[in-house]
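Those sequence lines, one after another, are chains A and B.
For the first sequence, this note's numbering gives the first residue as 1, with consecutive numbering after it.
For the second sequence, this note's numbering gives the first residue as 1, with consecutive numbering after it.
A hint or two may mislead.
[Said to hold, decoys possible] Under the rule of at most 25 Å between Cα atoms (straight-line distance), these lysine-lysine pairs were calculated in the DSS-like manner:
| hint | chain 1 | residue 1 | chain 2 | residue 2 |
| --- | --- | --- | --- | --- |
| 1 | B | K44 | A | K4 |
| 2 | B | K8 | A | K44 |
| 3 | B | K8 | A | K4 |
| 4 | A | K44 | B | K44 |
| 5 | B | K8 | A | K8 |
Just so you know, these hints were derived from the structure itself, not from any lab.
Number of protein chains: 2
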Amino acid sequence: MRRKNFGKMPCPIARSLERVGEWWSMLVLRDALHGIARFDDFQKSLGIAPNMLARRLNALVEAGFLERRRYSLHPPRYEYRPTERGRDFRQVLIALSAFGNRHFAPEGASVMIVNAQTGAAAEPIMVDRATGRPICPPEYVFAPGPAAGERTRQRYAARPPDAVAPAEMARPATPQQRRAR
Amino acid sequence: MRRKNFGKMPCPIARSLERVGEWWSMLVLRDALHGIARFDDFQKSLGIAPNMLARRLNALVEAGFLERRRYSLHPPRYEYRPTERGRDFRQVLIALSAFGNRHFAPEGASVMIVNAQTGAAAEPIMVDRATGRPICPPEYVFAPGPAAGERTRQRYAARPPDAVAPAEMARPATPQQRRAR
Numbered sequence: 001m002r003r004k005n006f007g008k009m010p011c012p013i014a015r016s017l018e019r020v021g022e023w024w025s026m027l028v029l030r031d032a033l034h035g036i037a038r039f040d041d042f043q044k045s046l047g048i049a050p051n052m053l054a055r056r057l058n059a060l061v062e063a064g065f066l067e068r069r070r071y072s073l074h075p076p077r078y079e080y081r082p083t084e085r086g087r088d089f090r091q092v093l094i095a096l097s098a099f100g101n102r103h104f105a106p107e108g109a110s111v112m113i114v115n116a117q118t119g120a121a122a123e124p125i126m127v128d129r130a131t132g133r134p135i136c137p138p139e140y141v142f143a144p145g146p147a148a149g150e151r152t153r154q155r156y157a158a159r160p161p162d163a164v165a166p167a168e169m170a171r172p173a174t175p176q177q178r179r180a181r
Numbered sequence: 001m002r003r004k005n006f007g008k009m010p011c012p013i014a015r016s017l018e019r020v021g022e023w024w025s026m027l028v029l030r031d032a033l034h035g036i037a038r039f040d041d042f043q044k045s046l047g048i049a050p051n052m053l054a055r056r057l058n059a060l061v062e063a064g065f066l067e068r069r070r071y072s073l074h075p076p077r078y079e080y081r082p083t084e085r086g087r088d089f090r091q092v093l094i095a096l097s098a099f100g101n102r103h104f105a106p107e108g109a110s111v112m113i114v115n116a117q118t119g120a121a122a123e124p125i126m127v128d129r130a131t132g133r134p135i136c137p138p139e140y141v142f143a144p145g146p147a148a149g150e151r152t153r154q155r156y157a158a159r160p161p162d163a164v165a166p167a168e169m170a171r172p173a174t175p176q177q178r179r180a181r
C-alpha cells in the first residue's frame, strides 16, 4: 500500500520522513554511520531480506544519504558510505536513541552515547546553537518560516503552537480552564 | 505486509521506531504537540483516512504517547493529549524538522523553531547536558551500555563505532587507505 506523498507537504518533518523512505532505512543509516558499508554486512547486522535491503540502499543513494563506491572490479562490488547529508542525519538518530533509552529500555541501555575520552554516558539534549538554551516551550516554539504559505500561516495564527507549557499539559484541565476552551 | 518486529532488537533506535508505529504517527504526534486534540482537527490537518487515523491514535494511546480524555458526555467525544512520553518525543521531531529545513527546503523554511521572545530562528544542535559540547564523533561515540548482550559487545569490539571522522569519510579513500581496508 503506497501511502500519501509526504514530500509535497510544507512541513520539514514530513519531507524528511518522505526522503528517508521507511523504518528500515533508519536502521540502514544507523549501520552506515557505524561504519558498515558492504551489502553482506548490512544484511548480517539487520537480518533483512536481500531484495528489501537492495531497495532501501538504492533509495538512500537516490535521496542523497549514501553514496555507492566500487571497491572491487572483478567481480564488481560496491560499498555504501554516508554522504554529508547522511552524516547530518546522525542528529535524528541520536535523538531517537536517547528517547529509546529513556522510555523503552527498562533493563538499562544496550547502546548509548559516551564521551570517547572519559567513557562517561552522555545525556543528549537539543539546544539553540546561538544561546545554548534547551529548545523547549514556552521559550522556543514552532512558527511559520519565510516560505510559509497561506495555510501554514493560518494554522499558526489560529492555534499558537506549543503555547501550552509542559507542566500545564501534564495536569488535567481545571473546570475554569475547561470552560475557557 | 507486516515488517519484522523492531521492538525485540536491543537498539534504542529500533525500539523507538517500533513503538511509534509508522510514518503517519510522527505527524499525528507533531500535531498533538502543536495543540491539536480532536479527531476532526487531526483529520483536517493531515488529510488522512478516518480508519487510518483511528488506528494511529489508538496505537499511540496504547504505546503511551497520547492519552484519551472524554470532553463531551452526550454525545461521547474524546480528545487526545500528549503524555509526558509524547512530549519528550518533541526532541526527535525537532531533530527531524531541523534536518528537513537544512536539506529539503530549497525555497526556505515553511515551519521553523524560533525563540518566542525575540522571534530569532533557532539552530537546534544536540549537546551533552553535562559538558555542553556538541555530540559528534570523534568526541562522542555510540558504545555498548550496561545491558548490552554478547552480540552488541562483539559488534562494537569488531568495528569501533563512529571511528571514522566526518572529514575523512567525506573524501574518497587514498590508495594506502584502500589497501589497509
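Hints versus structure:
For the proposed pair K44 (chain B) and K4 (chain A), the alpha carbon gap of about 15 Å is at most 25 Å, so the pair holds. At roughly 16 Å between alpha-carbon atoms, K8 (chain B) and K44 (chain A) fall within 25 Å of each other, so this suggested pair holds. With a C-alpha separation of about 28 Å, the suggested pairing of K8 (chain B) with K4 (chain A) is violated against the 25 Å cut-off. The hinted pair formed by K44 (chain A) and K44 (chain B) fails the criterion: a straight-line CA distance of about 43 Å is larger than 25 Å.
Restraint check for K8 (chain B) and K8 (chain A): the C-alpha separation of about 34 Å exceeds 25 Å, so the hint is violated.
Hint compliance for this structure: hints 3, 4, 5 are broken, all remaining hints hold.
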